[in-house]
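Number of protein chains: 2
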Amino acid sequence: MDIGVGVIGAGTVGGGVIEILSANTDVIEDKTGARVALRHVAELRQDLLKDLSLNGATVSNDALALIQDPAVHVVCELIGGMEPAKRFILAALNAGKHVVTANKMLLAKCGQELAEAAIKNNVQLRFEAAVAGAVPIIKALREGLAANHIHSIHGILNGTCNYILSRMTYEGLEFEETLQQAIAKGFAETPPDLDILGHDTAHKCQILASLAYSTRVSLDEIPVEGITKITHLDVAYAREMGYIIKLLAIIRKVEGEIEARVHPTLVPETHLLASVRNEFNGIYVESDCADATLYYGRGAGRMPTASAVVADIVDIALRGECRALPPFVYTHDIAVRDIGLMEGRYYLRLTTEDHPGVLGQVCTTLGRHGVSIASCIQKSQSEDTPVHVVLMTHETIESGVVAALAEIDQMDFITEPTQLLRAL
Amino acid sequence: MDIGVGVIGAGTVGGGVIEILSANTDVIEDKTGARVALRHVAELRQDLLKDLSLNGATVSNDALALIQDPAVHVVCELIGGMEPAKRFILAALNAGKHVVTANKMLLAKCGQELAEAAIKNNVQLRFEAAVAGAVPIIKALREGLAANHIHSIHGILNGTCNYILSRMTYEGLEFEETLQQAIAKGFAETPPDLDILGHDTAHKCQILASLAYSTRVSLDEIPVEGITKITHLDVAYAREMGYIIKLLAIIRKVEGEIEARVHPTLVPETHLLASVRNEFNGIYVESDCADATLYYGRGAGRMPTASAVVADIVDIALRGECRALPPFVYTHDIAVRDIGLMEGRYYLRLTTEDHPGVLGQVCTTLGRHGVSIASCIQKSQSEDTPVHVVLMTHETIESGVVAALAEIDQMDFITEPTQLLRAL
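Sequence lines, in order, name chains A and B.
Quick note on numbering: the working numbering labels position 347 of the first sequence as 347, and the sequence is numbered without any gaps.
Quick note on numbering: the working numbering labels position 314 of the second sequence as 314, and the sequence is numbered without any gaps.
Since the hints were derived computationally from the structure, they do not count as laboratory data.
Please note that the accuracy of each hint is not assured.
Copies of one chain are not kept apart here, so a pair can be met inside one copy or by any two copies together.
Each computed DMTMM-like pair below joins lysine to aspartate or glutamate, with the alpha-carbon atoms no more than 20 Å apart [as the list claims (entries may be wrong)]:
hint, residue 1, residue 2
1, Lys120, Asp30
2, Lys109, Asp62
3, Lys253, Asp30
4, Lys229, Glu177
5, Lys253, Asp26
6, Lys50, Glu116
7, Lys185, Glu174
8, Lys253, Glu29
9, Lys86, Glu407
10, Lys229, Glu174
11, Lys185, Asp291
12, Lys253, Asp288
The shape of chain A in the complex, shown without the other chains (with noise of 0.2 Å):
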């Protein structure tokens, strides 16, 4: 069966499905005996197209246009962004076409509302390249673990962050150098806020946590951190004592209710996520049948991102006429938990005048709130200057670290506020 095309977005990704479409399509024929063509381009900025092949598809300035043109069977929208993307995506929809998008943002914020206009039209909305780019992780969590209940996921899912706390561990640099650097590099986009906040992290966070556990979960019940307060004596420190920091989404059952949080967080370097480096991304997951599995790739750039997305329309090139998976499925409506009711180890900086009595102070309010210290640095200064005291507690509750937090930063002899990160 020949499944024609449409590309609304001729950008990085867009430009990408097209080079895809013209130079692969052999292999895929080969692979899956899938016919793939592009019919239609539709873009506003007419000089992105002269360097691509585009094999006598239309070439128009109107999405609308596209999403009617009846030799286009898949739309695949790859603008980005909120509006007008969520306006084609629905057109697209009714009009009873099939939808490819990789636009994280609007499926996070609107999944349910693009879910049952798919449903509804009895047409598939897919989104591999979404969540992790190359990786395909939506298709092992729906799919390759159809079998199992998820008990955790642990996800390194963005690239840029990933980059900069990399280069921080690796090479001693500080956040501002490296984010520098990602930007140069074309890592991170300008303004890199969506990245370096964590927010990124949080749509495909919620993502996943919808697929994982058949549940809606809103963004806003997302605990979001990112990792511009992390400098590189955190990363130095958290090395000493055998961690590595990356950004997380983390995933989790706990007690009937969902852990979804996003948060710098020490993973012992044994862990296998600590060896996904650079813009690389990885998800591990844990499950009660397949036990621990891990995804790895590129989580980003122009094509891995549209090998997903071509990925996407070949398996609808097969699957079209079939049962497909709805896009999601919402047959639970699971609290997400309070993240003050989480349970870990926290690894905690104080930077303090350098007195006597200064950690049994410390340690006598953190023990009335329940929590005791597993290990501790303090490194020798100069005198007169503050000095840095880590901590490193036992297996407590956060809201018992932030109780004392609060009282422990309001002491005359703290000079800064304490850092508070999450451990594995």
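For chain A, the structure is supplied; the task is to place chain B on it using the hints.
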């Protein structure tokens, strides 16, 4: 659509499939909408069934009766080995039943014959569990990477060998000692020959090579070396030079031919595959669009393998009525490259009397065959005992190394055949 499942063989994996079909149908239906139900179990040793929930399924000791049972839509062959497994699978396909199997040896030896029977009868033959257990590598190669030309696959595909090598690496044990541990822990079959001699890995190598390049690869064309000749000294010397020894299946396209081979390999310790430890499997795939991806998980064991079998059943349930990927495609007929043509770096451990001039003679001979040395370790030992000289070569051609060693091993100061290992 309700899909009836028949399980031939209720041993380790078959028992796991029965458990999942009893305990996890809720999550399967939640995530996919598919309803799968156990209808028939055929097992000669009925005592294996006594702790399993059969939910009213028919029990027989007759696989052919199971195949003919009209309540059975999907037949799972989980007895392993060549016969009668092959006869049962062919009978099922010819009876118009879909088949799921974990039988890598049978697929590696008779994949084409089985694929032809499936295609002729317009039914599916699926085998996700045959390679790397719970890791969805078949799905990743055929579907996730459908748009990609595969450059190379490097796979740790045998948990027993990886467990043994990991213990040798991290605990300094000898081969025989760790083999006995692996047998005691139930990771190794008795006898363990298929595992430790590399043949099990070769079976999986054959399957992955066929899928990656849509070509016939004969099992006999795959050079195979196991891990029995690896000593703890090799492991230690390799580590000293920054490498971890792993048994790899290596599949690459080189100058229009396919390299497909299985042998112990020195993997740089910074490579992700070096972090795949103990009984886990990992597959590192490089391709033109997606670039590097890695898939990791348990390659064996009751529930992980059963997880993959049930994933295939669910896929059939969702897609049984529509066009499916054929089990194997043989569009091409690409030659398997002679291993003598292989280019790479080589680890050579010479055992020699401690004379002056030994290293000179060895290096001169290597040089005459175009082999130059990148690094060297020589350990001083007590007098009058042979010493080890370990050489790592620069990139060179295997036939040159082999020819040089044929001469070197005849030299009168060489007291044992030289150990040759390949590096990644």
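Results of checking the hints against the structure:
In this homomeric assembly, Lys120 and Asp30 come within 20 Å of each other (Cα to Cα) only across copies, at 19 Å, whereas the closest approach inside a single copy is 34 Å. In this homomeric assembly, Lys109 and Asp62 never come within 20 Å of each other (Cα to Cα): the closest approach is 25 Å inside a single copy and 54 Å across copies. For a Cα distance limit of 20 Å, the shortest separation of Lys253 from Asp30 across copies, 16 Å, qualifies, whereas the shortest one inside one copy, 41 Å, does not. In this assembly of identical chains, Lys229 and Glu177 lie within 20 Å of each other by CA distance solely inside one copy; the values are 14 Å within and 49 Å between copies.
Taking the closest pair of Cα atoms, Lys253 and Asp26 come within 20 Å of each other only across two copies (16 Å); inside a single copy the shortest separation is 43 Å, beyond that limit. Neither within a single protomer nor between protomers do Lys50 and Glu116 lie at most 20 Å apart by alpha-carbon distance, with minima of 37 Å and 45 Å respectively. Taking the closest pair of Cα atoms, Lys185 and Glu174 come within 20 Å of each other only inside a single copy of the chain (17 Å); across copies the shortest separation is 47 Å, beyond that limit. Taking CA atoms no more than 20 Å apart as the test, Lys253 paired with Glu29 passes between copies only; the shortest distance there is 19 Å, against 41 Å inside one copy.
Taking the shortest Cα distances, Lys86 and Glu407 never come within 20 Å of each other, neither inside one copy (47 Å) nor across copies (71 Å). Taking identical chains as interchangeable, the C-alpha atoms of Lys229 and Glu174 lie at most 20 Å apart only when both belong to the same chain, with a minimum of 11 Å there against 47 Å between chains. In the homo-oligomer, the alpha carbons of Lys185 and Asp291 lie at most 20 Å apart only across protomers (17 Å), although the nearest pairing inside one protomer, at 37 Å, exceeds that limit. For the identical chains of this complex, Lys253 and Asp288 are intra-copy neighbours only, at 12 Å inside a copy versus 37 Å across copies, given an alpha-carbon limit of 20 Å.
The structure does not agree with the numbered hints 2, 6, 9 stated previously, though it agrees with the rest.
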